[in-house]
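Asks: If you want the building blocks of each chain, they are given just below.
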Amino acid sequence: MQTKYKILLGILGFVLLFVIGLSFQKLILERGANDTPINIVPQDNPPVLYNTEKSEKLEYIFQTRPTLSADDKFAKDKLIQKSNPLYETEEFYIEYLSAPDEFMVEIKSKEIGKVKEEVETWFVDQGFSNDGICKLPVVFYLNYEVAESLRGVDMEFDPLPLGC
Amino acid sequence: MRRKKRAVKKRSQSSKLKIIIISIVLFLSLPLTLYLTQNEQRIAPRAQTAISPTFFCAGNCPTLGAEPSGSGTGISRSPSPSSGAGQGNVNGEPCATDASIEDNASENKKHANKSGENSENGLIAKLLDLIKQLIAVITGNEGNQPRSSIQKNDKPKSDKPKKDEPKKKNKPCPSPKPSKAQPSKSPSTAPSPSSAPSSAPSSSPSQAAPSGSAGGPSGAPGAVAANDNTCSGKYKLTNPMGKNFGDPSCDFDKNKLFEQLKQIDAANASKWFNQVIPCESSFNPNAVQNPAVAVDKAGAWGLFQMGRGKNGPLDHGDVAWGQQAANAVGYNAKLGGSFKYWACARK
Numbered sequence: 014m015q016t017k018y019k020i021l022l023g024i025l026g027f028v029l030l031f032v033i034g035l036s037f038q039k040l041i042l043e044r045g046a047n048d049t050p051i052n053i054v055p056q057d058n059p060p061v062l063y064n065t066e067k068s069e070k071l072e073y074i075f076q077t078r079p080t081l082s083a084d085d086k087f088a089k090d091k092l093i094q095k096s097n098p099l100y101e102t103e104e105f106y107i108e109y110l111s112a113p114d115e116f117m118v119e120i121k122s123k124e125i126g127k128v129k130e131e132v133e134t135w136f137v138d139q140g141f142s143n144d145g146i147c148k149l150p151v152v153f154y155l156n157y158e159v160a161e162s163l164r165g166v167d168m169e170f171d172p173l174p175l176g177c
Numbered sequence: 007m008r009r010k011k012r013a014v015k016k017r018s019q020s021s022k023l024k025i026i027i028i029s030i031v032l033f034l035s036l037p038l039t040l041y042l043t044q045n046e047q048r049i050a051p052r053a054q055t056a057i058s059p060t061f062f063c064a065g066n067c068p069t070l071g072a073e074p075s076g077s078g079t080g081i082s083r084s085p086s087p088s089s090g091a092g093q094g095n096v097n098g099e100p101c102a103t104d105a106s107i108e109d110n111a112s113e114n115k116k117h118a119n120k121s122g123e124n125s126e127n128g129l130i131a132k133l134l135d136l137i138k139q140l141i142a143v144i145t146g147n148e149g150n151q152p153r154s155s156i157q158k159n160d161k162p163k164s165d166k167p168k169k170d171e172p173k174k175k176n177k178p179c180p181s182p183k184p185s186k187a188q189p190s191k192s193p194s195t196a197p198s199p200s201s202a203p204s205s206a207p208s209s210s211p212s213q214a215a216p217s218g219s220a221g222g223p224s225g226a227p228g229a230v231a232a233n234d235n236t237c238s239g240k241y242k243l244t245n246p247m248g249k250n251f252g253d254p255s256c257d258f259d260k261n262k263l264f265e266q267l268k269q270i271d272a273a274n275a276s277k278w279f280n281q282v283i284p285c286e287s288s289f290n291p292n293a294v295q296n297p298a299v300a301v302d303k304a305g306a307w308g309l310f311q312m313g314r315g316k317n318g319p320l321d322h323g324d325v326a327w328g329q330q331a332a333n334a335v336g337y338n339a340k341l342g343g344s345f346k347y348w349a350c351a352r353k
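For the record, the sequence lines run as chains A and B.
Under the numbering used here, the residues of the first sequence are numbered 14 to 177, in order.
Under the numbering used here, the residues of the second sequence are numbered 7 to 353, in order.
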């Protein structure tokens, strides 16, 4: 009787172990299938952070597309007929991107304020008003090497033109 | 009298012990079995998609259904996690059908009307039967309980005629098991949007499987691996790989990138384009942050400054730019669209 009892216990134990093993296997497989990220901490350490408020304002302009004045619209229509680069110097590069419908300026100098002024002067020369420049929109970004050279500097970059 | 009393006491003690053991076993095994059954229900559909002809057989598997419309273009729109395994038959040759696929398929057909269980569910049923029998044996019905239920359940598997098994051909399809068809296990075969960014698939993570350190969007038609091309001096290949991994075809274009982002993540396309990418990489698909300053010791790579797989198969920036975009969008989707990964997009 006792031997039989032991055998039964053994079988039960085996069945239990089997079920537990199977469930663990399923758990592991499911985890793999879900491809859950292990670590969601930001992996990058960008050289220069962009100003959040200004970035949000840019996003707002991009999404709402404020109406341009007749003069600004005329200037824009004329300018976008040209091929890229619209204008380039050693310190900046201006282009029009048709897909997002925006003007983008790469700043290739550490003198960010001075470059922005020059770019805005150029846009005014093309027939835009200051208000129109803000509404186009014109988006500034730092050249990769320039940004890297500014790593560690306590600053936030504003992607919008001055006064916007 | 004393002996009799002792014997009675012993018997009652042993029967109590039996009852306790049985209840413990039942208590432990039933929830687990229930959990397993639920698990099966969740995983089973995935197994069905895993044997989809699009991915394993390029539509030429003789026993399976119709080919989805997207497969002919090399751009798969199916969200199946097994999409990365579609390299087997780019030439459209009929593929070998693994015996186990057809076994399961035929078994499913056979039992679809009866129980709807696949082989693993059958195993659970067997286990339940076994437990029931054991209970019956322990509670004193030993010998009376017929063993036919176990034998009945065993039959379909053990009595399966081997001559009916399909012959294996020389060119096997990738494994049909869902566990092996995960994007992470097939890193070099995912279709890359970089070869056709304008028609990139939705942000399904499975579509965004990286090509690992190989760099190029291998697996896609016309794919170009990482190479030494500086694209007429446009890129300085000073990254640890020493290769042009981000734009090996020299076809990177901001307009194309925006179009792709609009297709795979329309709601956040401008955020990626105007906020994340300029800040992270200044639109340089070959940008690599020095591992010394990067949080991830493998460095931060590409337009979105992602890693080299630390956080899974989507965390790869060391691939061509189209794939970089797909990986970033796919990974952000995994994070619930929070942009937590990117310092440039956090508030």
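Just so you know, these hints were derived from the structure itself, not from any lab.
Treat the hints with care, as some may be off.
Unchecked claim - Computed from the model, here is a short list of chain B residues facing chain A with C-beta under 7 angstroms:
(1) GLN19
(2) SER21
(3) LYS22
(4) CYS285
(5) GLU286
(6) ALA349
(7) CYS350
This structure is a prediction, so every number in the text was calculated from the model and none was measured.
Note that the Cβ used here is the ideal one computed from N, Cα and C, for glycine as well.
Asks: Failing hints, ascending?
Replies: The structure conflicts with hints 1, 2 and 3, although it agrees with all the remaining ones.
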